[in-house]
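Protein chains: 2
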Amino acid sequence: MPSLSRYLPILDWGRRYDRSAFTGDAVAAVIVTIMLIPQSLAYALLAGLPPEAGIYASIAPILLYAIFGTSRTLAVGPVAVVSLMTAAAVGEVAASGTAGYVAAALTLAFLSGAMLLALGLLRLGFLANFLSHPVIAGFITASGILIAASQLSHILGIEGEGHTLIEIGAGLVAQLDEINPITVALGVSATAFLFWVRGGLKPLLRRMGLGPRMADIGAKTGPVLAILATTLAVWAFDLGARGVAIVGEVPQSLPPLTLPSFSPELLSQLFVPALLISIIGFVESISVAQTLAAKKRQRIDPDQELIGLGAANMSAAFSGGFPVTGGFSRSVVNYDAGAETPAAGAFTALGLALAALFLTPLIHYLPKATLAATIIVAVLSLVDFSILKRAWRFSRADFAAVSATILLTLLFGVETGVTAGVVTSILVHLYKTSRPHMAVVGRVPGTEHFRNVLRHEVETQPHVLSLRVDESLYFPNARYLEDRLSAYAAEKPELTDVVLMFPAVNEIDLSALESLEAINTRLKDAGIRLHLSEVKGPVMDRLKRSHLLEELTGEVFLSQHEAACRLGSPANLEGTA
Amino acid sequence: MPSLSRYLPILDWGRRYDRSAFTGDAVAAVIVTIMLIPQSLAYALLAGLPPEAGIYASIAPILLYAIFGTSRTLAVGPVAVVSLMTAAAVGEVAASGTAGYVAAALTLAFLSGAMLLALGLLRLGFLANFLSHPVIAGFITASGILIAASQLSHILGIEGEGHTLIEIGAGLVAQLDEINPITVALGVSATAFLFWVRGGLKPLLRRMGLGPRMADIGAKTGPVLAILATTLAVWAFDLGARGVAIVGEVPQSLPPLTLPSFSPELLSQLFVPALLISIIGFVESISVAQTLAAKKRQRIDPDQELIGLGAANMSAAFSGGFPVTGGFSRSVVNYDAGAETPAAGAFTALGLALAALFLTPLIHYLPKATLAATIIVAVLSLVDFSILKRAWRFSRADFAAVSATILLTLLFGVETGVTAGVVTSILVHLYKTSRPHMAVVGRVPGTEHFRNVLRHEVETQPHVLSLRVDESLYFPNARYLEDRLSAYAAEKPELTDVVLMFPAVNEIDLSALESLEAINTRLKDAGIRLHLSEVKGPVMDRLKRSHLLEELTGEVFLSQHEAACRLGSPANLEGTA
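Order-wise, the sequence lines are chains A and B. Residue 1 is where the first sequence starts when you use full-length UniProt numbering, and the numbers rise one by one after that. Residue 1 is where the second sequence starts when you use full-length UniProt numbering, and the numbers rise one by one after that.
Be aware that a few hints might be false.
Identical chains share a label here; the pair holds if one copy fits it or two copies do between them.
[Said to hold, decoys possible] Simulated crosslink set (DSS-like; lysine-lysine; CA at most 27 Å straight-line):
1. K524 with K295
2. K432 with K536
3. K389 with K524
4. K544 with K389
5. K389 with K432
6. K524 with K544
7. K536 with K389
8. K296 with K524
9. K295 with K492
10. K544 with K296
11. K492 with K296
12. K524 with K492
13. K524 with K536
14. K202 with K295
Hint data in this document are derived by calculation from the structure and do not stem from the laboratory.
Produce the entire structure from the sequences given, and follow the hints as far as they go.
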């Protein structure tokens, strides 16, 4: 049943599951579980939700993705950028800490899941192409800065607020006198320790005799050490009573069955944020999935990925979670730790379920500052301004899109930023294709080749204009061709023949067809004939479905050489007329 | 001073103005003036404004366009579609017949003029390319139907309302018992007469001995006869007292100096409608201008046209008018009547100013039903469903855009309709370019030519995949190439070399570059080398500004033939590695 296993990839890998795959998957699951516990709590904090929501958001979604997703090693759950976008979107409709906030986060996950499913079932994954690479890179860099800035308040022990750099900064400045020194001490040491873990722990473990892979994995579990140490410190010295914000009571429970709110008002308020979260999440996830799959020559099906992520988000909505997607670092750890199949995800879900049942009392004394430190260290690796340099060197158009995205995200928040990025790149794209490269060509003497008159020494005839169009013709540029030809006709009174050379025209749409018809008519009114040459097969097929070829005042030549020979002198012209 | 005359085309033609041009211009001006008086009154009625606004909107704008515009024969003033859009936009913010309504129309003209000027000065005319030909055709057809429907109430002598087909229809049905039979008699006979004028007057004039041009022009002045006859009938039988709606008191005055409202609330409410009106008006106008200019091999500069239309609309805002643009029928009449230069427009403005001063008392008794008849007969010629058939035959994508535009314009009004058309055509465009044509190619035996393996009998090698990309690579399709190559790598375990053939790749943006880099890395991880062949010069220049060529695991071949020879057998491969 190829069609069923297309929609249920589990039928494919599940049938061939064996002991060796089980061993790899189980080991990976243990390591990923240890890594995910602090990460899940931290991203829940970032999203403005109670800490257990982070663990819940990691359980059902992993299972659902394991059934429907096509990547063998992608690890799904809360990630930094999507959590930030969740906080921004839900913060618009409810106050953090209220039941309405939690319910709105469920609705956001539901909407986002429904959109991803719909995009997948309708095979509309191409919509993600709206987001160009530079826009995503700029958006993620700016988001990393926003996230790190938003976590500073937890490190300082004050109330944070705001979704733009200015709001966050103003909030910090306004409360500077309420800084809690003990929290600062904990937060700064945790941050310093975690930075050292990133750079220094792995070499240390290597020197202690661990193999490179194990040292790498050991270094990834570093955050757990910071959590243990700071939790113990708070418990031992009763720092909670001295103003250190702690996680507090966390229910000891499996993910609860929850129902998102379907109020039409809430759905319409969250529609656009959910769409942006879906697309950003999908783009992030598929790029990780493809990178990992390539290493083992496995196949990722983008439309099926939409279905897998859609199912994962739907399940988050019904199990006390919030929007999720495939995470980069956790997927890499999963892959490096030897995960072979999505069963590794299922085992991770089991591990997290056990943690939710038995470990939650232990995190009562966990200081929020430690979670903030975990987030800051994780997201600063997302910040990478080199995209600005790359874009500047490669093309000014891309530079415009990436700098608009970074600036607007920092100044006006994630939704404005990513929307501006999308709009800018579409505008830039339309602008570029609206002025396609065209070259007046002439014959290279003694050959059958035709080249740009501006770049080569070529022969031309005053009464013939041969114009090579180096772009497909469609509505963004149809009018430009009209304008250019009107200009040529007005400038050259001796002109009797125009040849449009189409070797690089891959497509013609109805707008361009109508432009060609208008050009034909206008040139005819001006006493000039219009010819075509080197038209590609599919384009010719399309033109035959119109009246253009019947009405064309000139001819269609197989080659530009043939056109030049036939139109060689006015005398010949009479013959062909 | 070429730079100054670029922005002031009047300096160019004004310097060479002579008696022959004067004669042509003056004759044309008389004819156009006679035609414009009823048209201006009618379009003011359609826009929901007092009749004199139509005449005012024809005076200053014509003068300003004469100074700044590049077309020699374009006649600027109120036109049907823009008047309908004005009624829809202003109707949202004020009630018809109030001072606020008139003021909002001025603001709309001001905003629209400012936008056109800005687009022209910033050389952003390409934004009009958002509107594809089929979308415009569909929009104009649907607008024609809406306009005709909206005028039915005047023919029936009842109060009309609504901006969608359903609202208009419901309004008519609700007031059926208030129909005024005398108005119906007048309206129906005027409509019938005007339809006859369109088809029958010209042959009659020809039979009466007029030349074809004069007969044509005579037929165009037909509406004046209808106006004279029905006005006389109302006056003679005092039909105004018997319930026939008449134009009534019209001030005898030159265009007044008016100031549009600049309330921020009004400006923000009218922003989107003004943008749509600007773009629709510009697209309509430039297409008429180019068609007429081509007949005399004159040049139209699109960016300067934006400035000309912008100045015209600004002047309408300060002289009691409403949004204007270049009209099709009046421009054709102007051209056919022998206009040589924009001075014809200036003389027309003079004629209309005289009419505003001296003729307005005569139109006191003009029935509104006659104006409605003028509008109905004029706009029904805009209705042309053949675009649906053309689009269906030519491409389903264009058909989707045109049918969405027609349906949504009729059901939800002009703004929703045109926006939906723009969005649909951009989506369709992105969808099409997101899945570019690519062909796996092989060598035609015994030649150096490479063709699609699906269409030709060609030779391939199992360890080499040669893929010809028939489209520029940019963000809408960058990911598709990644997906396709991931799929090939997963399907063909024997693959060692991939050659991307780029003869039709006209452009590569940063997204596509990063996709190529990702493809290179992923193929490398899978033990496959990536090569390029037949890269165009400008694309190669661009790639040299990146690290791709340094990191490429394979080579860049000048021709596919060279690539095939070098990669011919695995043994050769080792040699080049």
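In rising order, the numbers of the hints this structure does not comply with: Of the numbered hints given earlier, the structure breaks just one, which is hint 10.
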